[in-house]
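Chemist: Residue numbers (the numbering used here), protein chains in the order written: chain A, 1 to 397; chain B, 1 to 397.
I should point out that these hints are in silico values taken from the structure, not numbers from a laboratory.
Errors might be hidden in some of the hints.
Because identical chains cannot be distinguished in the list, a pair is counted as satisfied if it fits within a single copy or across any two copies.
Unchecked claim - With a straight-line Cα cutoff of 16 Å, these simulated EDC-like cross-link-like pairs (lysine to aspartate or glutamate) come out: (1) K381 to E306; (2) K198 to D3; (3) K198 to E55; (4) K25 to E363; (5) K196 to D3; (6) K52 to D360.
2 protein chains.
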Amino acid sequence: MSDFQHLLSQRTQSMQRNQIREILKVVSQPGMVSLAGGIPAEESFPIEAMYKINEAVLDRYGAAALQYDRTEGFAPFLEALAGYLAGKGITANPDELLVFNGSQNVLDTLGKVLLSPGDCIALESPSYLGALSAFGAYQPTYVSIASDEDGVLPEALESALERQAIKFIYLVTTFQNPTGRSMSRARRQQIADIIKRKNALVIEDDPYSDLRYHGEVVPALQTYAPDNTVYVSTLSKIFAPGLRLGFCLAPPLIREWLCTAKQGADLHSNSYAQALATEYICSGYINRQIPNIIALYAPRQAAMLEAMDAHIPAGYRWIKPEGGMFIWIEGPPDVDGEALYWRAVEQKVAFVPGKFFYIDPSEGLSTMRLNFTRVDEAAIKRAIATLGRVIREYSPD
Amino acid sequence: MSDFQHLLSQRTQSMQRNQIREILKVVSQPGMVSLAGGIPAEESFPIEAMYKINEAVLDRYGAAALQYDRTEGFAPFLEALAGYLAGKGITANPDELLVFNGSQNVLDTLGKVLLSPGDCIALESPSYLGALSAFGAYQPTYVSIASDEDGVLPEALESALERQAIKFIYLVTTFQNPTGRSMSRARRQQIADIIKRKNALVIEDDPYSDLRYHGEVVPALQTYAPDNTVYVSTLSKIFAPGLRLGFCLAPPLIREWLCTAKQGADLHSNSYAQALATEYICSGYINRQIPNIIALYAPRQAAMLEAMDAHIPAGYRWIKPEGGMFIWIEGPPDVDGEALYWRAVEQKVAFVPGKFFYIDPSEGLSTMRLNFTRVDEAAIKRAIATLGRVIREYSPD
Numbered sequence: 001m002s003d004f005q006h007l008l009s010q011r012t013q014s015m016q017r018n019q020i021r022e023i024l025k026v027v028s029q030p031g032m033v034s035l036a037g038g039i040p041a042e043e044s045f046p047i048e049a050m051y052k053i054n055e056a057v058l059d060r061y062g063a064a065a066l067q068y069d070r071t072e073g074f075a076p077f078l079e080a081l082a083g084y085l086a087g088k089g090i091t092a093n094p095d096e097l098l099v100f101n102g103s104q105n106v107l108d109t110l111g112k113v114l115l116s117p118g119d120c121i122a123l124e125s126p127s128y129l130g131a132l133s134a135f136g137a138y139q140p141t142y143v144s145i146a147s148d149e150d151g152v153l154p155e156a157l158e159s160a161l162e163r164q165a166i167k168f169i170y171l172v173t174t175f176q177n178p179t180g181r182s183m184s185r186a187r188r189q190q191i192a193d194i195i196k197r198k199n200a201l202v203i204e205d206d207p208y209s210d211l212r213y214h215g216e217v218v219p220a221l222q223t224y225a226p227d228n229t230v231y232v233s234t235l236s237k238i239f240a241p242g243l244r245l246g247f248c249l250a251p252p253l254i255r256e257w258l259c260t261a262k263q264g265a266d267l268h269s270n271s272y273a274q275a276l277a278t279e280y281i282c283s284g285y286i287n288r289q290i291p292n293i294i295a296l297y298a299p300r301q302a303a304m305l306e307a308m309d310a311h312i313p314a315g316y317r318w319i320k321p322e323g324g325m326f327i328w329i330e331g332p333p334d335v336d337g338e339a340l341y342w343r344a345v346e347q348k349v350a351f352v353p354g355k356f357f358y359i360d361p362s363e364g365l366s367t368m369r370l371n372f373t374r375v376d377e378a379a380i381k382r383a384i385a386t387l388g389r390v391i392r393e394y395s396p397d
Numbered sequence: 001m002s003d004f005q006h007l008l009s010q011r012t013q014s015m016q017r018n019q020i021r022e023i024l025k026v027v028s029q030p031g032m033v034s035l036a037g038g039i040p041a042e043e044s045f046p047i048e049a050m051y052k053i054n055e056a057v058l059d060r061y062g063a064a065a066l067q068y069d070r071t072e073g074f075a076p077f078l079e080a081l082a083g084y085l086a087g088k089g090i091t092a093n094p095d096e097l098l099v100f101n102g103s104q105n106v107l108d109t110l111g112k113v114l115l116s117p118g119d120c121i122a123l124e125s126p127s128y129l130g131a132l133s134a135f136g137a138y139q140p141t142y143v144s145i146a147s148d149e150d151g152v153l154p155e156a157l158e159s160a161l162e163r164q165a166i167k168f169i170y171l172v173t174t175f176q177n178p179t180g181r182s183m184s185r186a187r188r189q190q191i192a193d194i195i196k197r198k199n200a201l202v203i204e205d206d207p208y209s210d211l212r213y214h215g216e217v218v219p220a221l222q223t224y225a226p227d228n229t230v231y232v233s234t235l236s237k238i239f240a241p242g243l244r245l246g247f248c249l250a251p252p253l254i255r256e257w258l259c260t261a262k263q264g265a266d267l268h269s270n271s272y273a274q275a276l277a278t279e280y281i282c283s284g285y286i287n288r289q290i291p292n293i294i295a296l297y298a299p300r301q302a303a304m305l306e307a308m309d310a311h312i313p314a315g316y317r318w319i320k321p322e323g324g325m326f327i328w329i330e331g332p333p334d335v336d337g338e339a340l341y342w343r344a345v346e347q348k349v350a351f352v353p354g355k356f357f358y359i360d361p362s363e364g365l366s367t368m369r370l371n372f373t374r375v376d377e378a379a380i381k382r383a384i385a386t387l388g389r390v391i392r393e394y395s396p397d
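Given only the sequences and the hints, what does the whole structure look like? Please build it.
Modeler: Structure follows, in structure tokens:
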């Protein structure tokens, strides 16, 4: 057997396997109630509709849905996406959009086009871990921007932009993963003013904004600073993640290079999946399905928050997001979230210790991320009661 | 409008747009007969079967075909691929395979995992252009290995491996794009002996071997040197390219890093497309469809070769491949293939000037690549008659 270690590139050394996967291996044990996931419920998929959607795609597009296609995306899908975005208040021509294999693939290609080794990315802290795994392959450095409940702090962002050259700022603006937090309307305006003034570039990752259970819609940061924002989104949370359909709306120069990079990387994204999504959007399935998904998730979130009020002891804090997939708990400073994790797992309840979402390994030690989308209300209530007991019985060393 | 030129990475400067696309823009003119393509005929897609395949996938896999999945690939598809490969004499366990978004995406990820800037790749000359566009993003250098009609020359490969450090050797071993050539059985053995002796790594790209119209099957190079080969293939030529399904069989260390890189780049490939392909393979559609595809293409190839014998003047040479999608013509040394291209285009016949498939811009100036898969026999005969006339009327300056 040959050893090819010497053939690996320098960049493989900065690729990281998902650390969370290691610790979560126990989650597949029988009887475990997992609040650790970050993925949609199977019941949220429009399986019955898929029979009709498939037929319509074959009838309408035939061979075009099976043939090679343009790198930019399947033309009817780009049209459909422009219409979908208009419904969110985002103005986009179809020819300003690019289709990718999920939003993860947009992040990877942005890294490829923008990052030379050592380049600096500004991140809110904590951050979406998948973005770090996409960017990490291009050997960047990171700077954390402090946040409060309304999102990244304007003064922290501004001083970071003044202190060093920053390639881009990466933000999940609405119902963030892992914290569930949303940037307030006023904060969006402040952040947009700064990035325009500094001619900075923001990557706004927006997978969750359609999953709003109450409260008022807040427009995308992109709408406040369209020339300075790459808006990234996905159909994974409102149609089906297995189809791997993400997309972006980017300033012209960046869009052009993203397209060139994508041509080299995989020619184009799956045309058949794009045709399915076109039918899903244009024949109105999406407008019936998003309310179904909300009707599934909103009671689960409510059940979790209610159970937390009843069972999680004083000293632990959480905000109550108006949507999304996560609740974020901050324990008292001396609590070790990973120690709590292992005790909870013994009691057959899993979550994700929040420390994994921080760049700085000394941060977030007392935090926990809880997901409510894949477990029903009764199981959520029991799991939170168990977690409350584990927390009360635990005393930091 | 902001100018973000200064934000681009060093690597974007080595990304090349497909030069062929520029010159081929005229091909979409009305009345043009294009022998320039490199893609399957629409009639080769199993559109009628797709209605049933879709239903079977939804019945059998349901939500699993729509949910997030493992990076490695959809488990039933990995099983199906192992069976398909066994039919080609290639021994693979499902857990030695990885699924990608077309074979282009395997090549890109191999570049990501193996290439640091300046690393050297050995290529047969001429080479598949898509591979250069995948590898190019990782800033390699290239060395051309001379070939004859049986494939790369053993002594040329051996001396290249001795002269410099070579990360890998990239070869399309059967019905190569652009030449249609196949490496002979004896040559495979010789090349395998060299790469094993030198502990070198070969990427064997094999998209065309199922499109064999006559002659005897030649086993993959992989079977002669399994520990030193990354075998890359695709369902694009035998099912549907729009589904973007490629895969590889790689030595363990390389497979492991490919999987880590893919996780960061797009989490996993489209599960729904993988489920469709599983059904296509396991329910026997593939065994009926490949003969249909051959029955479509073989007469087109025969018509082209026959018309060439009748119309292409002495001094022009070509081999007669036993399969694939291309015929390669070498004109006398003073012929300018691009000048011929523009004259042929005036007569409404397009092909690809062969010089685009060479690294060295001084090579292949008199060559032409002709595709026969997307045009029917009658149109092929007329087009070759026209091309013959263009050639006879052309005299090099």
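Chemist: Take the hints in turn and mark each one as holding or not.
Modeler: Okay, the hints, checked on the actual structure:
1. K381 to E306: Answer is within; shortest intra-copy Cα gap is 8 Å, inter-copy 76 Å.
2. K198 to D3: Result: close only across copies, 12 Å inter versus 49 Å intra.
3. K198 to E55: Classified as neither; 50 Å inside a copy, 53 Å across copies.
4. K25 to E363: neither (24 Å within a copy, 55 Å between copies)
5. K196 to D3: between (51 Å within a copy, 12 Å between copies)
6. K52 to D360: Result: close neither inside a copy nor across copies, 49 Å intra and 52 Å inter.
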